[in-house]
Each structure stands twice: as structure tokens, then as C-alpha cells.
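Undergrad: Once you've looked at the hints, go ahead and assemble the two chains, each given alone in its own frame, into the complex.
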Amino acid sequence: DIQMTQSPSSMSASLGDRVTITCQASQDIGNNLIWFQQKPGKSPRPMIYYATNLANGVPSRFSGSRSGSDYSLTISSLESEDMADYHCLQYKQYPLTFGSGTKLEIK
Amino acid sequence: EVQLQQSGAELVKPGASVKLSCKTSGYTFSNYYMSWLKQMPGQNIEWIGNIYGGNGGTGYNQKFKGKATLTVDKSSSTAYMDLSSLTSEDSAVYFCARGGSFDYWGQGVMVTVSS
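Sequence order for the protein chains is A and B.
Just so we're aligned, residue 1 is where the first sequence starts under this note's numbering, counting upward by one.
Just so we're aligned, residue 1001 is where the second sequence starts under this note's numbering, counting upward by one.
Just so you know, these hints were derived from the structure itself, not from any lab.
Just so we're clear, the structure is a prediction, and the values are computed from it rather than from any experiment.
Misleading hints may appear alongside valid ones.
Pairs of lysine to any residue residues, derived as SDA-like cross-links and limited to a Cα-Cα distance of at most 20 Å, are as follows [to be verified]:
hint, chain 1, residue 1, chain 2, residue 2
1, B, K1023, B, K1065
2, B, K1063, A, T22
3, A, K92, B, S1088
4, A, K92, A, T22
5, A, K39, A, T20
6, B, K1065, B, A1016
7, A, K42, B, V1093
8, A, K42, B, S1091
9, A, K39, B, L1011
10, A, K42, B, K1074
11, A, K42, B, T1112
12, A, K42, B, E1001
13, A, K92, B, G1100
14, B, K1065, B, D1090
15, B, K1074, B, G1100
16, A, K92, B, Y1052
17, A, K42, B, M1110
18, A, K42, A, I106
19, A, K92, A, G68
20, A, K42, B, K1023
21, A, K42, B, N1031
22, B, K1063, A, K39
23, A, K39, A, I106
24, A, K39, B, G1108
25, B, K1063, A, D1
26, B, K1065, B, S1085
27, B, K1065, A, V58
28, A, K103, B, G1042
29, A, K39, B, N1044
30, A, K103, B, S1088
31, A, K103, A, E79
32, A, K42, B, V1111
33, A, K42, B, G1008
34, B, K1063, B, S1088
35, A, K92, B, G1008
36, A, K42, B, K1067
37, A, K103, A, V58
38, A, K92, B, V1111
39, A, K103, B, V1093
Just chain B, same shape as in the assembly (with noise of 0.2 Å):
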């Protein structure tokens, strides 16, 4: 059974980073690329990069450039997002959700910004 297991919510310092992660077991981690996706309080759903498994090549949201950045653990078939400088607009719901087709989801770890 594919899951994908995310870190637990956060509480976080404006100006402070935060990584987050998340757990995958089901499938072989390294033929996937697993996406990250932010979803703030009644908004739409904003698409913020993606990563392969398999060498860690990255692709991101131009908005979420220096903002975001995205890892891979192939030994231990997680991927992580450390978000930077964080201001109130970071806090949201964060996703992961594996491949192009998203056909498998973390299950979303808030994040609040404040202090």
C-alpha cells in the first residue's frame, strides 16, 4: 500500500525556517517525482516545485524561489521542503503528493507563522 507519511504540524517564529518531511513506504521512492503544494485557509491550492527520486533533480514555482527548497533521502525514501525567512503569507497547509498524476497525497501539515 502506497503511503505518504508527512511530519507533524508546526509552530514557527516569523524570520525562523522550518524543514518538513515526508515518509513514503508502498512503492520504489527513486522512480517517482513527488510534488509540494501549499494551501492557505480558504485558497486555492498553489503548486510549489517538485523533485525526482531518483537523482533529486528539482523544478519550481518561480514564486516560490528562494523560498523553498527541496530534498531527497533515497535511503530512507523521504523527501523534505525547508521553507525559509518566514513571514505570515507562509502560514498554510503544505502537501506532498507523489508523481505527475497526484494520485497519492500526504495527509497536509499545518504550519503557522507566529510569534
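Isolated chain A (complex conformation) (with noise of 0.2 Å):
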């Protein structure tokens, strides 16, 4: 199975900060990879697709990108209801598998 180690495990902001959260995959995945937002007792709504393109509706301020086996969710400016779980999801090769998640808090 492709593993996926995500970091931060977790992790605190204020608003306007810049923030980066990284996966990175055992094996090639090429571009096979989406972004997750997660809001406590929501189901995952995803932010981020094929790792650098943003779904329909997603601020702009978010922004996926790649280096190497390295992918990474950058918040440009953080704002409050940025505040939620993060998870990456590779579809590459089954099984499909998540990173360990992210999770975003507000100082």
C-alpha cells in the first residue's frame, strides 16, 4: 500500500499567517492527489484536486502544489473558518489511502 505522511499532526495560526500543510508518498503518485477539509461532526469536503487545481467554490486562498513526492496545502491567509481537519487523499493505486490528517487550529 502507497503510504501518505502528513504534517503537521497538528498545529496553531493566528489570522493572516501563511499556512503549509505537507504530505508526502511512499511511491510515485504522480499527480493523483486531493485535498480535504473536514469540519467537526461534517463530512470531508474536498478543497484541492489532481494536486494543484481548486474545486469549485474553494477561496482562493487556497492553493495545492508538488515537489517530487512532496505535495503540500498552502492557506495564503488564514481566516477563521479555515479551522477544521485536513487530510490528503492519494488515488493513484489501490487502496485508496489518506494521510494521517491535520488539524488546524486558531491562536
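TA: Following this line, the structure appears as C-alpha cells:
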């Protein structure tokens, strides 16, 4: 199985900060990665498709990038509504596998 | 409007089975896969498997083979997941999610395994 190593597991940032969350893939997954946002008690919401493409309706402060086997989700200027858990998912190979998640809190 | 409506919370005894449903509307059911996922409290999400709405073809995470059985009823545009021989390790929230893009999700259903 492909392992997705996500970091950090949790973080606290101030409003307006630039925030970056990373997933590292244990094997080549190309750009076959989705980033999700999940708020408490809710279902995950796709934010970024194919590693770098913004999903419909997602604010432009969110972006995705790739450097080799490292995939990043960046929030350029943190807003209060961004407090949530974030997950990455690789869909290059079965079984599909998620990162361990990042809990983002607002200072 | 695409909707995935999951059945209600379940409290089941160890060793028992439970059947979860995911009733869909707003799109052509037979044109999409449906995935099922597991999320234990405070833990990461696990992909259980998927099923194609058109012919019921399935793919499973090896970890869940023998535990989960996926089926569909095209006439009602509903996907089902049977969980068998339940233990405390099966207590979790279970989601259905559409297609390879996971663009639409059910609201999740809490399954609690307890005597």
C-alpha cells in the first residue's frame, strides 16, 4: 500500500498567517492527490484536485503544489472559517490511502 | 442537486451484523462508483472499497475483505454496505462518497458496537 505521511499532525496559527500542510507519498503517485477539509461533525469537502487544481467554490487563498513526492496545501492568509481538519488522499493505486490528518487551530 | 442520504445511527451488539444504506438523488446512479469510508474518532480516514452503480462491480481494501460487503440497488439508486462479525474496532463513522473525485459525500453514520 502507498503510505501518505502527513505533517504536522496539528498546528495553531494566527489570522492572516500563511499556513502550509504537507503529505509525502511513499511511492510515485503523479498528481493523483486530493486535499479535503473536514469541520467537526461534518463530511470531508474536497478543496484541491489533481494536486494543484482548486475545487469549485473554494476560496482562492487555498492552493496546492507538488515537489517530487511532497504535496502541499497552502492557505495564503488564514481566516477563522479555515479552522478544520485537513486530509490528503492518493488515488493513484488501490487501496486508496489517506494521510493521518492535520488539525488546524486558530490562535 | 446531488444528494447522498445515509441511514441513521446504529447501536449493535458484538458479533452482530449491520447494513448501512446510502440513498442517492440528483444524478445518474449507474454512471458512477460509490466509495465507502471509515473514520474512527480522532483518527485518519480509511477507504473500505467501492462499487460501480452500473453493474455492481466491486473493489475492496484487503483490510476490509470479509468485514464489508458492498451492494447496490439500481432501482432505488441506493448503495449498501454490510458489516459483519462486529467488534469494538468497528465502532466508527462510516461515509459513502461519490465517484473517483469524492465530490459528494453522505452525512456519515455512527456505528457503535457495544453489549
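Undergrad: Does each hint hold? Answer for all of them.
TA: Against the structure, the hints come out as follows:
Restraint check: the Cα-Cα separation between K1023 (chain B) and K1065 (chain B) comes to about 23 Å, which exceeds 20 Å; the hinted pair is violated. A C-alpha spacing of about 26 Å is found between K1063 (chain B) and T22 (chain A), which places the hinted pair above 20 Å, so the restraint is violated. With a CA separation close to 31 Å, the supplied pair K92 (chain A) and S1088 (chain B) exceeds the 20 Å bound. A threshold of 20 Å between alpha carbons decides the hint, and for K92 (chain A) with T22 (chain A) the separation of about 18 Å falls inside it, so the pair holds.
Taking the CA atoms of K39 (chain A) and T20 (chain A), the gap is near 18 Å; set against the 20 Å cutoff, the hint holds. With a CA separation close to 17 Å, the supplied pair K1065 (chain B) and A1016 (chain B) stays within the 20 Å bound. In summary, the hint linking K42 (chain A) to V1093 (chain B) is supported, as the alpha carbons are separated by about 11 Å, within the 20 Å threshold. Proximity of K42 (chain A) to S1091 (chain B) is assessed by CA-CA distance (about 17 Å); at most 20 Å being required, the pair is judged to hold.
For the proposed pair K39 (chain A) and L1011 (chain B), the alpha carbon gap of about 24 Å is over 20 Å, so the pair is violated. Of the supplied pair hints, the one linking K42 (chain A) and K1074 (chain B) is violated, its CA atoms being roughly 27 Å apart against a limit of 20 Å. Proposed proximity of K42 (chain A) and T1112 (chain B) is supported: the alpha carbons are some 18 Å apart, at most 20 Å. Between K42 (chain A) and E1001 (chain B) the alpha-carbon distance is near 19 Å, which keeps this suggested pair within the 20 Å criterion.
Taken as a hint, the K92 (chain A) and G1100 (chain B) pair is honoured in the structure, with Cα atoms around 11 Å apart against an allowance of 20 Å. Distance restraint check for K1065 (chain B) and D1090 (chain B): the Cα-Cα separation of roughly 13 Å lies within the 20 Å cut-off, and the hinted pair is therefore satisfied. Between K1074 (chain B) and G1100 (chain B) the alpha-carbon distance is near 19 Å, which keeps this suggested pair within the 20 Å criterion. For the hint linking K92 (chain A) to Y1052 (chain B), the alpha-carbon distance of about 18 Å falls within 20 Å, and the restraint holds.
Between K42 (chain A) and M1110 (chain B) the alpha-carbon distance is near 12 Å, which keeps this suggested pair within the 20 Å criterion. A C-alpha spacing of about 19 Å is found between K42 (chain A) and I106 (chain A), which places the hinted pair at or below 20 Å, so the restraint holds. With a CA separation close to 15 Å, the supplied pair K92 (chain A) and G68 (chain A) stays within the 20 Å bound. For the given pair, K42 (chain A) sits about 18 Å from K1023 (chain B) by alpha-carbon distance, which is consistent with the 20 Å threshold.
Pair hint K42 (chain A) plus N1031 (chain B) does not hold up; C-alpha atoms about 26 Å apart against a cutoff of 20 Å. For the proposed pair K1063 (chain B) and K39 (chain A), the alpha carbon gap of about 27 Å is over 20 Å, so the pair is violated. As the CA atoms of K39 (chain A) and I106 (chain A) are separated by approximately 13 Å, the hinted pair is consistent with the 20 Å bound. Taking the CA atoms of K39 (chain A) and G1108 (chain B), the gap is near 13 Å; set against the 20 Å cutoff, the hint holds.
Taken as a hint, the K1063 (chain B) and D1 (chain A) pair is honoured in the structure, with Cα atoms around 11 Å apart against an allowance of 20 Å. Restraint check for K1065 (chain B) and S1085 (chain B): the C-alpha separation of about 12 Å stays at or below 20 Å, so the hint holds. A hinted pair counts as satisfied when its Cα atoms are at most 20 Å apart, and K1065 (chain B) with V58 (chain A) does not qualify at roughly 36 Å. Restraint check for K103 (chain A) and G1042 (chain B): the C-alpha separation of about 10 Å stays at or below 20 Å, so the hint holds.
Distance restraint check for K39 (chain A) and N1044 (chain B): the Cα-Cα separation of roughly 14 Å lies within the 20 Å cut-off, and the hinted pair is therefore satisfied. With a C-alpha separation of about 25 Å, the suggested pairing of K103 (chain A) with S1088 (chain B) is violated against the 20 Å cut-off. For a cut-off of 20 Å, the pair hint linking K103 (chain A) to E79 (chain A) stands: about 15 Å separates their Cα positions. About 16 Å separates the Cα atoms of K42 (chain A) and V1111 (chain B), which keeps this hinted pair within 20 Å; it holds.
Restraint check for K42 (chain A) and G1008 (chain B): the C-alpha separation of about 15 Å stays at or below 20 Å, so the hint holds. Using a Cα cut-off of 20 Å, the hinted pair K1063 (chain B) and S1088 (chain B) holds, with the two alpha carbons roughly 16 Å apart. The hinted pair formed by K92 (chain A) and G1008 (chain B) fails the criterion: a straight-line CA distance of about 32 Å is larger than 20 Å. This hinted pair does not check out: K42 (chain A) and K1067 (chain B) have alpha carbons roughly 25 Å apart, beyond 20 Å.
Restraint check: the Cα-Cα separation between K103 (chain A) and V58 (chain A) comes to about 19 Å, which is no more than 20 Å; the hinted pair holds. Our distance criterion of 20 Å between C-alpha atoms is broken by K92 (chain A) and V1111 (chain B), whose separation comes to about 29 Å. Note on K103 (chain A) and V1093 (chain B): the hinted pairing holds, with a Cα-Cα distance of about 18 Å set against a maximum of 20 Å.
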